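Below, each chain spelled out in residue letters.
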Amino acid sequence: MADDKDVLRDVWFGRIPTCFTLNQDEVTEREAEPYYLLLPRVSYLTLVTDKVKKHFHKVMRAEDVEEMWFEYEGTPLKWHNPIGLLFDFHASNSVLPWSITVHFKNFPDRDLLHCPSNSVIEAHFMSGIKEADALKHKSQVVNDMQKKDHKQLWMGLQNDKFDQFWAINRKLMEYPTEEGGFRYIPFRIYQTTSDRPFIQKLFRPVSPEGSVHTLCDLLKEMYPVALPSDGEPKRYQVVIHGIEPLLETPLQWLSEHLSHPDNFLHICVLPVPSD
Amino acid sequence: MPVSLLWAVDVYGRVYSLSTAGQVWEQCRDAQMEFKRVTAAQQCCWGIACDNNIYLNLHASDLPVRYQEETYENQRWNPVDGFSERLLPSDRWQWSDVTGLQHQPLDNFRLPSISWEWEGDWHADENLDGEPTEKGGWTFAIDFPATYTKDKKWNSCVRRKRWLRYRTYKAMDTWAKIPSQQTTLPDPFSDISCGGWEISDEPRGRLSLWAVSLQGKVWFREGICHHNPEGSLWEEMLLPGEVVQISCGPGDLIWAVLWEGQLIVREGISRDCPKGTSWAEVDSPSPDVGAAHVAVGVNVVWALTKDNKVWFRRGVNSHNPSGSGWINMVGEMIMINVGLNDQVFAISCEDRAVYFRQGVTSSELSGKTWKAITVPRDGDRSHSSASTSSLQSAGCYFCGEVRAQSVVSDVESDTEKGSIDGASRLVASISPESFVDAPTDLSDQPIDAPKPRIPKVTSDSFISELVSDREPGKTSSEGGPSGPAVLEEEPIPGEEEVDAPCASVALSSSQSGGPPDPQWSNVDLEEAQGQQAQTGAVADSADTCSLSSVATYSLAIEDQYGADEHPLWAWVSGGGCSVDSHSQLNWFNCSVNASSLVQSVQSMSLSVTPAQTAAWRKQIFEQLSDRTKREMDNFRHYEQAVEQSVWVKKGTMQWWRDWKPHKWIDVHFALEQFSGPEGNKDGILFIYYNFYEEKKYLHAFINEVTILVPVLNDSKHSFAVYTPERTKQRWPIRLAAATELEMHDWLALLSVSCCNSRGLQGSPSKQAAWSVTCKGDIFVSEPSPSLEAMPYPTPCDQMFWRQVGGHLRVVECNSVGIVWGIGYDHTAWVHTGGYGGGFSQGLASSTDHIYTQVDVKSVYIYENQRWNPVSGYTNRGLPTDRYMWSDASGLHECTKTNMKPPSPQWTWVSDWAIDYSVSGGTDREGWQYAGDFPASYHGHKTLKDFVRRRRWARKSKLTTTGPWQEIPPISLIDVTILPCAAQSSVDVVPLWAISNKGDVLCRLGVTTLTPAGSSWLHVGTDQPFKSISIGAASQVWAIAKDGSAFYRGSVSPQSPAGDSWYHIPSPAKQKLKQVSVGRTSVYTVDENGNLWYRQGLTPSYPQGSSWEHISNNVRKVSAGPLDQVWIIADKVQGSQSLSCGTVCHRLGVQPVEPKGQSWDYGIGGGWDHITVRGNSMEPPRVRLPSLTAPAPPSPLPASNTEANGNAVGC
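The listed protein sequences derive, respectively, from chains A and B. When you number the first sequence by full-length UniProt numbering, it's gap-free, plus one each residue, and the end is 275. When you number the second sequence by full-length UniProt numbering, it's gap-free, plus one each residue, and the end is 1210.
In short, the hints are calculated from the structure, not lab data. Do not take every clue at face value.
When the alpha-carbon atoms are kept at most 30 Å apart in a straight line, the in silico DSSO-like pairs for lysine-lysine are as follows [said to hold, decoys possible]:
{"hint": "1", "chain 1": "A", "residue 1": "K201", "chain 2": "B", "residue 2": "K1071"}
{"hint": "2", "chain 1": "A", "residue 1": "K171", "chain 2": "B", "residue 2": "K161"}
{"hint": "3", "chain 1": "A", "residue 1": "K171", "chain 2": "B", "residue 2": "K150"}
Among chain B residues calculated to face chain A with C-beta under 10 Å, some are [what the hints assert, rightly or not]:
{"hint": "4", "residue": "E693"}
{"hint": "5", "residue": "L878"}
{"hint": "6", "residue": "M1177"}
Which residues of chain B face chain A? A partial, calculated answer using Cβ under 7 Å [claimed, not checked]:
{"hint": "7", "residue": "V11"}
{"hint": "8", "residue": "C225"}
{"hint": "9", "residue": "N228"}
{"hint": "10", "residue": "S581"}
{"hint": "11", "residue": "S583"}
{"hint": "12", "residue": "Q584"}
{"hint": "13", "residue": "E631"}
{"hint": "14", "residue": "M632"}
{"hint": "15", "residue": "Y638"}
{"hint": "16", "residue": "E639"}
{"hint": "17", "residue": "A641"}
{"hint": "18", "residue": "V646"}
{"hint": "19", "residue": "V648"}
{"hint": "20", "residue": "Y851"}
{"hint": "21", "residue": "F933"}
{"hint": "22", "residue": "K997"}
As the structure is a computational prediction, the values presented were derived from the model and not from experiment. Ideal Cβ positions, reconstructed from N, Cα and C, are used throughout, including at glycine.
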C-alpha cells in the first residue's frame, strides 16, 4: 500500500537530468565539454551548480569570468524559482536531458536577481517559508521555532537531507484538526500567457460551508481559463512537480504533500502542446 | 472516543438520536407512539410516552442481560430410603435458597415481565470450587448448614444440589413498557430523570431513576441494575412541595423545581443511600421570576427561570450540593440538560434548535458559547440534490412513517399532519431550485400571512405558498400545479382541529403564536411558560383523556412551521452522550446534503477508507512513478548535484551514570549519521562525560541499538537505550532531556535512525511479535527467520523492538496480521495497519491510520488507622507504624495532595473516592481490618483487629495517538485470535474474548479485510471467566474465576462458538490465571507464578491428562503457532540487580520435546505482556545430535528483588 509519506520522498528526490553547455560567445582557452548533472527538482539552480561553475572555470581565464547565469532557449532562468518549476514551465515537453546554456558575462540585470552567495539563496528561501507560514498559521509556527530549527531547514535543503529537513518541516505542515486545514493555502500559479510573474491570492482549503476545496475550486477562482470546458478538447495542462494531479484533488492535501521546501505550492498552467 | 448518542424529542413527539460520530439525527423508528420526554444513560434511554407510561429502551449489546436463577435441592439420608426428599421437621425446605431460609421450588420462579425469556431449562451445577463433583452435582455434608464437599463420606448425612436456570432480557433496542405492578400507582408521570451511575459500581449497571407525577409527587425506582434493567418498584419520596420537574446527575446531585418556582436539593445521597435523606430549599435565581427548569451534572447545576433566562450555580459539589450563588448566563432557553462530563445541551426558545455549550471543561464548568447543532434529520430532504435516489429514499421513509404512526388512533390528526409534513418534503425535492436560496430559518419571518389560508390548500401548495411569500418572483409559478394528486385525500383543516383535543393548550398556543409577535417570544412567559413546559401536565390534569401533550404541541406549532425544514425540538438528553471539550464533533456546520455522506462515515471500514482509494491519489502515485521513470531511470549514471555527507546532531542531556553512586550527570550527546554504500544509513551515538575531571565518552552504534524506551515520570523526561550487551546486564543507557518536547524530538530522530539502519520502514509485518511495558507502551519486533531455529536460534537479546503509538495493557495478534489490544480501561482496540503515532510524528508515522486513543487508569493510595482505647480508630499511629496515608506497601507517604498522575502525559479526571472493590472485601465505609500492619485484611471488624485501612482511588486519563481504532462498546479483559494461517483474505478468523464482567464472547466476521469483525456472540458459562486462548485446530481453552480450566468442545468453522465446556481441574492447590494454546501445546500460568504444561493432549482426547510443572517466576505466557513458548518472567538476574518483567524465550522446543529445555532472556524488565502468535515462519531445519545437558531450568528463584536496574520500573 503506497503511503502518503512516499509522496514526500518522491517529491524530494525528484531529479532532472541536465546538460550544461557553455555559451558559444564565451571566450575559452580550449573547447568546453558539456557537463551532465542530476539536479534536485526542489532546489535552486545557483545552489547546486558549484560543480558546473568549477568545470567551466577550468577552460576560461579568470578575467573573462563574471557572475554565472543560465539560459534555456533564449530565456534567462530565474534562479529564485525552484528548479522543478523552471523545468516544468519552460521545458516540460522537451527532450531529456534538459539542455541549459551557461553564461559568464552580460548578466541580464532586468530579468534576473543577482546571487553573489548562498546566503542570498538562504534569505530568499527563508522568506518564502515565512510568507507561507504567515498564510498557513499567521506565522505562529515559524515564529515559535528556534534559530537552529530555521538553520536545520536550510541545511536540509542545501545538503539534500530529507530527514533533516522534514524533522522540522512537519511542524509547518500541522494544523488544528477541527479546522480541516491551513488558514490559507500558500500557492503560486505560473502562466505562460501573461507577463505577470504569478498569481497569488488568499484562498482557504475549506469552504465556509465546510466542504473541502479542490484544485478545481482554486483554478475556478484564480484562473478559470485553465479549466477544461465541456465538449472541448483540453487546452491547458496543470502541472505540479512534473505531474498533472486530477482536478478533484483536495487542495489541503496538495499543500501538505506537493509543496516545495519553501512551503509554496508552485502550479504551472501550460498550454497543451499542439503536436 | 466511543461513539455515543444524544437523544432528543421533537415537538411532534418523535424521538431522535444523534451519534457523536454522526451528522444526522436518526429517528427512532421503533417508537410506536409519541414521547414527551426522554432521559438517557449510556446503556439505555428512558422515556415517558403519550400514554403516560414509562418506557425503557435498553441498547442492544452483544452481551445479553442474563440473570442466573439458582435454587438448592436438599436431601437427607435415612437408613430406609438412602438419600431422599424426606427431611427432618427442623430441616430446611426441600427446595431452598443457599441459606435454606427461603422456600424456592422450581415452579415458583416466574419471569419478571414480558420483556424476559427463559434460556433453556433447569440444570444441575456440577462444579464445586473449580472441581467437578462427578456425582450429578450432589455435594455432601454432615448436617445443614455446614461445609459441603464433593466426596461422600461415612458421616455424610445430608446432601444438596444446586440448580441453575438463566433468563435473558429480550426487549433490546425497542421501547418496552415498564409494567406498573402497583395498582396504587398514582396519577400519570410527567417528568423523568435518570443518573446516579457514578455513585457506585455495585451492583453493576446501577441507576437511579426519578420520576415526577402530574400531582407533583416524586417517585424513586428501586433496584435498577444490569441484571434488572427495569427495576423492581416505585417508592414515593416525601416532599416539601409540589414538584414540576426533576434532574438527577451522574453523581450525587439531584435538584427539582417546585410549582411555586423555588428549587429543592436532595441531600444525604451516598453509596448506601442513593435515594438520599432530605431536601434543602434554594431560592429561584431571580427574586421576581420563579425557576422553571433545572439540570444537574456531576459538579454543576444549570437552571432556567420562567422568563427563559439561563442560570449557572456556583460552588456546587458533593459536599455542598446546594452551591453558593447564581450567575446569569447568555441565551434564552426553554429546556436545558447536562450530559456526561458536565457538558450542557439546551433548546433555544427562539428557534427551538438544540444548542451545545462549547468550552465546558473541568476548570471552566460554565463553558464559553452556545453553538447550534445544525445537522439534518434522516428524513430531511436534500437541499440541492434532486437525484432520483434521494427522491426514492425520501419516498420510502415517508411510507414507513405513515404506517407506523397510524397505529396510534388517539392522535390521528397529528399523524396526518406528520404525514403531510413528510409528503411535502417529497414534493419539495422534486423542484429543488425553489429551495436552494430560501432562508432555512422561518422563525424570524412574518408568518401571519399564510396562516389563515392553510385549511383551504393541500400541503404541497401550502409549501409553495410559503415559498412564494418569501420569493414571490421566482417561485410563484410553481405553486399549485406541482402537487401530486395523491395528497388530495388528506386536506387538513388545521385550525379546526387545534381546539378539538384540548382547549387550554389551544389557548396557549394561539397566545404564543399569535400574529403580533413571532413564535416563542417572551410575551406569555410569566403565565404560560410554566404551562408550556408542563403542557402535558396541564392538559392531562385538566381533562383526564390520555391525549398526548406532544400532540397538542404539534398542532399548535405546525401551522406555522409545517413547511419549515429545520427541526423544532422539545426535549434533549445528553446523559448517554460522551463528549467533552476536546471531542471533535461534526454537528455544527454541515449542510443538509451531507446526510448522504454520513452513511459512509459511520460505516466502520478499517482497512479501506474512501480517501485512500480516491482516484486523485492513485493518479498522483502513478504519475510520480512515471515521472521517476521518465526523468531519472535513463540517467542514473549522471552525477548528483549534491553530495551526501555526514550529518551530526548535538545536544546536552543528563545521563544516569554507570558507576556508583548512581546519579544523573550532565553530558554532551551527539548522533553522527552517514549514508552507507547501498544508500542505507548508519550512525553512532556518542555520550561525552567527565570522569574525575577527565573527559571520556561512551558510544553505541545505531545498528546495535535494540530498543529505545521512553521513561516518563514526574521528575525526568528520560529514555533508555538498550543494546544486546546492555540487555544482558539489565542496565540500559539512561538519558534525560531537559523538556518533554526535546525528549520526543530525540526519540523520534533516534528511532528513525535505528529503523533506517535496519532497513525497517512502514507497518509491522504479520509475523511480528508484540509486547507491552508496564507503562502501557507498545513495542513490536520483526522476527528473524532463525528466531525459532534449532539448535541456534537468534538470541532473544538481539531482537530489535520499535515503538508503536498508543497505550495498551494487552495486545494479541495472529499470523494473518490481525492485532487487537485492550487498554487499561478495558476498552478494546484493533490495529489499523498503520504505524507511528505517539511521539513519532511526521515521517515515522503513517498518515491515515492514526487515531486518538484515550486510556484511563486509577491511582490508589491507602488511608491507615490504628485503634486506641480512648478514641477508637484514629489517624494517630504508633511511632513504628507506616504513614497514615501511604501506598500499598506502607513504605512511601502518599497523600491526596502530593500524589501526582503517573506521568506528565496523564491528567486527573476525577476526585479521590473510596474504592470498595478491594480484594478481601470492605465495610460500608470502605475499611478493611487486620491485627496489625502489614497483614491480610478482611472486610469486617473483629475483636482482634487493631488496625484498619481503606483504599482511595483517583482516575487519571491519558490522551495519545496511535494506529488503533476502538471497538465499542464491550469492555474486555482478555482476547485471543486463532494463530494459524488463513487461506485467503475472506476467511473468517476465530477470535474469542472475555468481557470485563467475565462473559465469554466470540467475535463474528473477523477477516483480514475487516479485522474489527462485526458483532459479538455470547457464549454462556456458569461462572465468570478471566483468560482465554484459541490454538490450532480450534482448540479453545479458558480459565474461570475459580482458577480451574475449561476446554470448549466442538469448536469448528461451522460452529464457531462450539457446544459445551469441559471442566479441567487446576494443578493441585493452585489457581490458574492465564492460558495460551499453540499448535499442540497448552500452557497455563497460576497465581503463584508457576508455568504449567498440559500433558497427554491427543486429537481424540484434546483435554489432555495432567499438568506438568515447567518453571516458576512466570507472569505471563504466549504459545505460538510453531508451539514456540515465550514468557514474561520475574526475578531475572542482571549486572546490578534482579529485574521484574523480562521477555524470555523457551529454547529447545521441538516436536519430540514440546516442553523445551531452558530459557533465553530478552528485553526487560518492566515488561508486562508479549504475544508471539503472529510468527508462523518455520525456521530453517538443521539436523543435529541431541543436546544432553539441559541449561538452568528457570529464571532465578531469588528471594529478594530490587527493580533498580529496570528501564521502566514496576
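Evaluated hints:
A hinted pair counts as satisfied when its Cα atoms are at most 30 Å apart, and K201(A) with K1071(B) does not qualify at roughly 72 Å. Between K171(A) and K161(B), the direct Cα distance comes to roughly 69 Å. Violation of the 30 Å bound is thereby established for this hinted pair. Taken as a hint, the K171(A) and K150(B) pair is broken in the structure, with Cα atoms around 69 Å apart against an allowance of 30 Å. The beta carbon of E693(B) comes no nearer than 30 Å to any beta carbon in chain A, farther than 10 Å, and the hint placing it at the interface is violated.
Annotation: interface hint on L878(B) violated; nearest CB of chain A at approximately 56 Å, more than 10 Å. Restraint check, M1177(B) versus chain A: the minimum CB separation of about 22 Å is more than 10 Å; hint violated. Contact between V11(B) and chain A, as hinted, is not supported at the beta carbon level, the nearest pair being about 27 Å apart and thus beyond 7 Å. The interface hint given for C225(B) is broken, as the beta carbon of that residue sits about 38 Å from the closest beta carbon of chain A, more than 7 Å.
Taking 7 Å as the C-beta cut-off, the interface hint given for N228(B) is violated, the closest approach to chain A being about 42 Å. Against a cut-off of 7 Å between C-beta atoms, the interface hint on S581(B) is violated, since the closest Cβ of chain A lies about 11 Å away. The restraint placing S583(B) at the interface with chain A is violated, with a minimum CB-CB distance near 10 Å, outside the 7 Å limit. For Q584(B), the shortest C-beta to C-beta distance to chain A is roughly 6 Å, which falls under 7 Å, so the interface hint holds.
Checking E631(B) against chain A by beta carbon gives a least distance of about 6 Å; that is within 7 Å, so the hint holds. Restraint check, M632(B) versus chain A: the minimum CB separation of about 5 Å is within 7 Å; hint holds. Because the smallest distance between the Cβ of Y638(B) and any Cβ of chain A comes to about 4 Å, under 7 Å, the interface hint for this residue holds. About 6 Å separates the beta-carbon of E639(B) from the nearest beta-carbon of chain A, less than 7 Å, and the hint is met.
A distance limit of 7 Å between C-beta atoms decides the matter here; for A641(B) the minimum to chain A is near 4 Å, and the interface restraint holds. Given hint, V646(B) at the interface with chain A, is violated; its Cβ is 10 Å from that chain's nearest Cβ, farther than 7 Å. Because the closest C-beta pair between V648(B) and chain A is about 11 Å apart, greater than 7 Å, the hint is violated. Given the 7 Å rule on beta carbons, the hint for Y851(B) is violated: about 11 Å separates it from the nearest Cβ of chain A.
Below 7 Å, beta-carbon pairs count as interface contacts, and F933(B) has none with chain A, the closest being about 51 Å; its hint is therefore violated. For K997(B), the interface hint is violated, the least distance from its beta-carbon to any beta-carbon of chain A being 35 Å, above 7 Å.
Of the numbered hints stated above, those contradicted by the structure are hints 1, 2, 3, 4, 5, 6, 7, 8, 9, 10, 11, 18, 19, 20, 21 and 22, listed in ascending order.
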